[in-house]
Amino acid sequence: SFKKSEGALLAQIEQTQTALITVHQFPDIDAIGSALALYIYLKSIGKEVIVWVAQSLDDTFDFLPNKIEIVHQIPASFNIDTIFVVDCSNLERVRDVSKLPIEDQTIVNIDHHPDNERFGHINYLKLVSSVGEMLTQFFINNNIPITSEMAICLYAAISFDTGRFAHSNVTATTLKLASSLVEYGASPVDIN
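Position one of the sequence shown corresponds to residue 1 (the numbering used here), numbered consecutively onward.
Watch out, some of these pointers could steer you wrong.
[Stated by the list, open to error] Pair ranges (Cβ atoms, derived): (1) E48 / I144: 16 to 26 Å; (2) S168 / D96: 25 to 35 Å; (3) Q55 / T18: 22 to 32 Å; (4) H167 / E14: 27 to 37 Å; (5) D104 / L175: 19 to 29 Å.
[Said to hold, decoys possible] Cut-off 35 Å, straight-line C-alpha distance, at most; resulting in silico cross-link-like pairs (DSBU-like, lysine-lysine): (6) K67 / K47; (7) K4 / K67; (8) K3 / K126; (9) K43 / K4; (10) K126 / K67; (11) K67 / K176; (12) K99 / K3; (13) K99 / K176; (14) K4 / K176; (15) K99 / K4.
It is worth saying that the hints were derived from the structure and are not from the lab. In this text the structure is predicted, and so the values were computed from the model without any measurement. Even for Gly, the Cβ is constructed at its ideal location relative to N, Cα and C.
All chains, full assembly: derive it from the sequences and hints.
As C-alpha cells, then:
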C-alpha cells in the first residue's frame, strides 16, 4: 500500500549514507526539479549525494537552485548505497542505465506514471500530477522542513507537469500543495 511504501521510503532515507539520484532520458522540469529537491533535502540531513544525468541539460533548467551540482559522469570513487530513480516508469528510460553501478544497492522508484513497472526494492508510486506533488506531500506528511530552494524546485515540477495548472491531472490537493510551496518561498511569476 502507499502508506507502507511511504514508511519504507522514510526508513531507507534514514539509513542511506551515499545516494545517487537519476531521472528519465530527455528529462523535463518535473524530473529535474524533483531530483534537485530530493538532493537538497538529503544534503541537509548530512547524506553524501549526487544527481546524475547522462546527457547535458540546456539553459531552460538554469533557474533551478543547485542545477549546477548535477553531474554527467558518475565519479569512480563514489560508493553508492541507495539509487533514487525519479519520474521513470521503467529502468530502461534512464539514459546510459548500463553505467549505473547496480550491485547490491537499494533501488528506490519514485514515480507517478500509471504504467510503472515496480522495478524498485521500494516503489513509491502514486497517480498524481507529478513527482513534484508526491514529494511535496511526502515532506509535509513527515514534518520535513521545505526550504525556499526546495519549494522553487517542487513548484516548478508541479507547474510543468500540469501545464501551469491547466491539465486534467490538477486536483484540489495539487493546488493546496502548490499554495504551501508559495508560502515556503516559491514565486509563481518568477518560475513561470
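So, going through the hints one by one against the coordinates:
Taking the beta carbon of each, E48 and I144 are about 19 Å apart, inside 16 to 26 Å as hinted. Between S168 and D96 the beta carbon distance is about 33 Å. The supplied range of 25 to 35 Å therefore holds. A beta carbon spacing of about 23 Å between Q55 and T18 agrees with the range 22 to 32 Å that was offered as a hint. One distance hint, 27 to 37 Å for the beta-carbon pair H167 and E14, holds here, with the actual separation near 35 Å.
For the hinted restraint 19 to 29 Å between D104 and L175, the CB-CB distance of approximately 41 Å leaves it violated. With a C-alpha separation of about 18 Å, the suggested pair K67 and K47 falls inside the 35 Å cut-off, and the hint holds. Restraint check for K4 and K67: the C-alpha separation of about 32 Å stays at or below 35 Å, so the hint holds. Taken as a hint, the K3 and K126 pair is honoured in the structure, with Cα atoms around 11 Å apart against an allowance of 35 Å.
In summary, the hint linking K43 to K4 is supported, as the alpha carbons are separated by about 25 Å, within the 35 Å threshold. Taken as a hint, the K126 and K67 pair is honoured in the structure, with Cα atoms around 26 Å apart against an allowance of 35 Å. Distance hint between K67 and K176 is fulfilled; the C-alpha atoms sit about 26 Å from each other, no more than 35 Å. Distance hint between K99 and K3 is fulfilled; the C-alpha atoms sit about 32 Å from each other, no more than 35 Å.
Under the criterion of a C-alpha separation no larger than 35 Å, the hint pairing K99 with K176 is inconsistent with the structure, at around 39 Å. The suggested pairing of K4 with K176 holds, with an alpha-carbon distance near 24 Å, which does not exceed 35 Å. At most 35 Å may separate the alpha-carbon atoms for a hinted pair to count; K99 and K4 meet this at roughly 31 Å.
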